[in-house]
Each structure stands twice: as structure tokens, then as C-alpha cells.
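Just so you know, the protein sequences line up as chains A and B, in that order. Each residue of the first sequence is one higher than the last, beginning at 1 in the numbering used here. Each residue of the second sequence is one higher than the last, beginning at 1001 in the numbering used here.
Bear in mind the hints are in silico, worked out from the structure with no lab data behind them. All C-beta atoms in this analysis are idealised placements derived from N, C-alpha and C, irrespective of residue type, glycine included. A portion of the hints provided could be inaccurate.
Now the stretches of chain A that chain B is said to cover, found in silico as 3 or more residues with beta-carbon under 8 angstroms [as the list claims (entries may be wrong)]:
id, region
1, 76-85
2, 150-158
3, 238-246
4, 255-269
Computed spacing ranges between beta-carbons, pair by pair [unchecked claim]:
id, chain 1, residue 1, chain 2, residue 2, range
5, B, Thr1043, A, Asp76, 28 to 34 angstroms
6, A, Ala102, B, Gly1059, 21 to 27 angstroms
7, B, Ser1130, A, Ala243, 43 to 49 angstroms
8, B, Val1022, A, Leu205, 44 to 50 angstroms
9, B, Met1036, A, Val254, 24 to 30 angstroms
10, B, Met1001, A, Val254, 26 to 32 angstroms
11, B, Met1001, A, Thr242, 18 to 24 angstroms
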Amino acid sequence: MSRTDGPVVSRRGVLRAAAGSAAAAAGVAATQPVAAQTDFDGWFTSDGRGGATGNYDGTVTDRTGEDEVTVTVGADGNGGTFAFDPPAVRVSPGTTVVFEWASNTHNVVVEEQPDGASWQGHETIENEGFTLQSTFETRGVYKYYCNPHLSVGMKGAIVVGPAPGGGGGGGGGTSTGGTTSPFNPLLGYAFTAVVAGAMLFPILLGVYRGGQPASSDAGGQEAPLERPVRELDHDEYDPVGTAALVAVYFLILVGMWVFMYFVEFLGNGPTIIG
Amino acid sequence: MEIHRFERAWLVAALVLIVAFVGTIVYGAVGAGVAMVDDSGGTVDATEPTTSPNFDDPGVYRTGDGEYDVYVLARQFSFAPGSGSPITVPAGSNVTFHVASADVTHGFNLVGTNVNTMVIPGQVSELTVSFDDPATYRLACHEYCGAAHHDMEGTVEVVPRDQFNASEVTDA
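Please work from the sequences and hints to get the whole structure.
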């Protein structure tokens, strides 16, 4: 995990510096400050830690100017009650964010925060009804997640500070989710063809052979049976080779059983004794 | 019916093998003392196990000299205790795990050992394990329980007796 505090801050600094001219030049963009687009350096995709965040649609909910903002912990999403709602929120410096647990077994672990910030999150796993209040003073991007549900994408972000013009953190908002299928459909067709071919092969072969004259017809009649060189009684024949094979199988079975039961099972650390 | 003497020999050998298989399992149960997990743990409220007296505060409890009860609540996707904080017990003790599920069917497996049970909602899985030596065991859920099943794991730490902080446990 590479910490990207520096680049984030510097990029934002650049944006803020450029905001004057940019906002003046592109005043159109500045008219839509509510839904700033940002990809948080891939934090909400599976490129970040854990799984992709399904309930993040690329929108940063703008709650700037409010004293208190609520984030629901364990809201519906990500295949269960494994979502922060809203996943990404923009607040003004000094805002108190109230995290409200709406379902069980969640925590808030800080992944990344601006230099100089000391947000602790809440690493203890808490249940429904718990609330965590955190006041965010330092400007920048705070990324956090829920440890038990990181792999299903229970991740969040808090942006402290006003939207930088209309640029909204550098665009790139199209890369949300980012679940392009690695599966090539051509492989699927090839596989289907191979399976179908393998299944049809006996039928095709039968059709092919059916068109050929049968070998017995060619000769007109069957060849006479050859007489045995020597005849043996049932008890006179000793299948020594088969007996040896059975003996080898027997030894393998015994050896595997002894290994499995006495070494793998009984010799394997603590055992349930009651 | 006439049976060839070779066939007779390997029929007898196969029967001896079956008797030996059954014999080793009987030895395991009687001689080595391997027990099965049964329904002796009783039941809890399937949807709210925390309302049951034993699961209102899961954790490690001392029940006697070298005897501990560990109550573990399994839920999507953690063991409490176990996942956030390790389950710590002293070496040379008999530990009885009582495991209940708060949502779906989970598994409870000390990885690499025979300590292994299913955790079915409403049913307490009770299993007693003797920990002789200090060791750290990983705890895994081995019954598919949802999207982050693969993340559901924890730790059981068996610490030397003198390092075990007795104040962490309550006498039951």
C-alpha cells in the first residue's frame, strides 16, 4: 500500500491555485458543485485494498456548510449490510461526522489521511446502535474501511474542504467499479466447440463407419477358430500376476490407512476430547 | 461353487482389512479418546443468541483449575472473540469452546488440527480441547457463509501459564 498523501495534497494545491483561472474560464463546470466526480486514486475499485465498493457510483455527496453530517455504518449494499452510506462525502473543515451503526459487526479503520491529521477511526468492532463522532479539521482526503467487510468493498472516504472549482479532484470518474471481465468470449466458443465435438464424435464415427462395408461382409464368412495350444483346468491355472497386483494394492491401502489415521488424524495437534 | 484358492486368499485379506479399519476407529474413540461433537451444547435463540445467558458477554471464563469455558459468537464475517482480539488461553488447560452463530451456518476450525465443527444457528457447538503446549492457532470459518467468507478468521493463542493474565477472565 503506497501512501499517497503527498500527491493528493499537492494535486489539490495545484487545483486550488488553478481554480481561480479555471473557474473563471470554465464557469460552466463550477455550476455543478454538488456531485463532484473523483476516483480517489482507485480506492473504491478493486485496485485499492479489498473488493470494489458497489455502492459508490462515482459521486461525492456534498454536505459542505453543515455542522454535523451522518454516515451510516452497515447500510444495505455490497451484497448485504456491508456499506457506508454515503460512501464518499464532502464536508467543510470543522464538521462533526457522526457514524451510526445500523447493523452488527463493523468498525472504522483509517486507511489514509492528510498529513497532520490524527483521526483514529474506531477499530473495535461494534454493533447496531453504536455511534462514533469525529470532527474533521484538517483539509484533505480521509479514506477508511470496515475491517471485517473490506473484501466485499465496505470502504468510505471523507473529503474535508470545499470543492476545488468544478474540476472535482481531477475527473477520471468513469473508472468506478472497474470490473471488466477478464474472460475472452472466443475462449468460450472454442470450449463449447470442443465439448460438442467430443460428444458428437462417436455418433459421427458411427455414421462414417455405417457408410463403409463391414469387414465381415468382405470375407463372406468368419474365419475358423484357432484351436488352443494347451488346455488348463480351473485350479491348474495360477494367476500369479493378478495376485501380486492385489497384494500391492493391499499394501498401498494399509499404508495409506495407517498414515491417514495415525499420522494425519491422531498425530495432528489438539483433538476434541469432549 | 468353486472358488480358486487365490480368490479365497484375497477375499479373506479384504475382510481382515475391513475389520482392521473398524478396529482403528474403535481404538481412536476408546484408546486415544477422540470425541465427536454432539448436541450437548444445547440451544440458543437462533436470531438473537446474545439474549441467552451464556452469550450475553462472549469471552474466556475460568471454571476450575486448568478448566476454561470459551464462548464464541460467530457472525458474518468474524468470530467474537477471535477475530478482533485473539482468544487467549493458558497452556496445560482443558478448554471447552461453546460456539453459536448469530446469522447463518458457520464453521469453526483450528487450522491444521482436528478441532473442527459446524456452527448451526440456534445450536451451540460444544467441544473440549486439551492444549498442552503454547502455540498460536489460526481459526477459520470453513462453511461458506457469504460474500466475505474467505475473510472470516481469527486467532487462538495458547500462552505459557505464567504469561496468562488471569484478570482477563471471569470465574464462571
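For this session: May I ask you to test the hint 44 to 50 angstroms on the CB atoms belonging to B/Val1022 and A/Leu205?
Result: For B/Val1022 and A/Leu205 the Cβ distance comes to about 48 angstroms; the hint holds.
Exercise. How does the coverage statement for the region 255-269 of chain A fare against chain B, requiring three or more residues with Cβ below 8 angstroms from a Cβ of that chain?
Worked result: With 7 residues in contact (Cβ-Cβ under 8 angstroms with chain B), the coverage given for the region 255-269 of chain A holds.
For this session: Count the residues of the region 238-246 of chain A whose CB lies closer than 8 angstroms to any CB of chain B, then report whether that count reaches three.
Result: holds (count 5)
Exercise. Do the Cβ positions of B/Thr1043 and A/Asp76 conform to the proposed distance bound of 28 to 34 angstroms?
Worked result: Given a distance of about 30 angstroms, which is inside 28 to 34 angstroms, the answer is holds.
Exercise. Honestly, do B/Met1001 and A/Val254 meet the 26 to 32 angstroms range at C-beta?
Worked result: holds (29 angstroms)
For this session: Using the beta carbons of B/Met1036 and A/Val254, state whether their distance is inside 24 to 30 angstroms or not.
Result: Holds: the Cβ-Cβ distance is about 25 angstroms, inside 24 to 30 angstroms.
For this session: Please test the hint of 43 to 49 angstroms on the beta carbon pair from B/Ser1130 and A/Ala243.
Result: Between B/Ser1130 and A/Ala243, where Cβ atoms are some 46 angstroms apart, the hint holds.
Problem set entry | Outcome, coverage of the region 150-158 of chain A by chain B - at least 3 residues whose beta-carbon is closer than 8 angstroms to one in that chain | Holds, because 3 residues of the region 150-158 of chain A bring their Cβ atoms closer than 8 angstroms to Cβ atoms of chain B.
Exercise. Do B/Met1001 and A/Thr242 keep their Cβ atoms within the hinted range of 18 to 24 angstroms?
Worked result: At roughly 19 angstroms between Cβ atoms, A/Thr242 and B/Met1001 fall inside 18 to 24 angstroms, so the hint holds.
Exercise. Between A/Ala102 and B/Gly1059, does the beta-carbon spacing fit 21 to 27 angstroms?
Worked result: Cβ of A/Ala102 to Cβ of B/Gly1059: about 25 angstroms, so the range 21 to 27 angstroms holds.
Exercise. Okay, the region 76-85 of chain A and chain B, do three or more residues pass the C-beta test at under 8 angstroms?
Worked result: Our answer is that it holds, as 4 residues pass the Cβ test (under 8 angstroms) against chain B, meeting three.
When the structure is compared with the earlier hints, no violation turns up for any of them.
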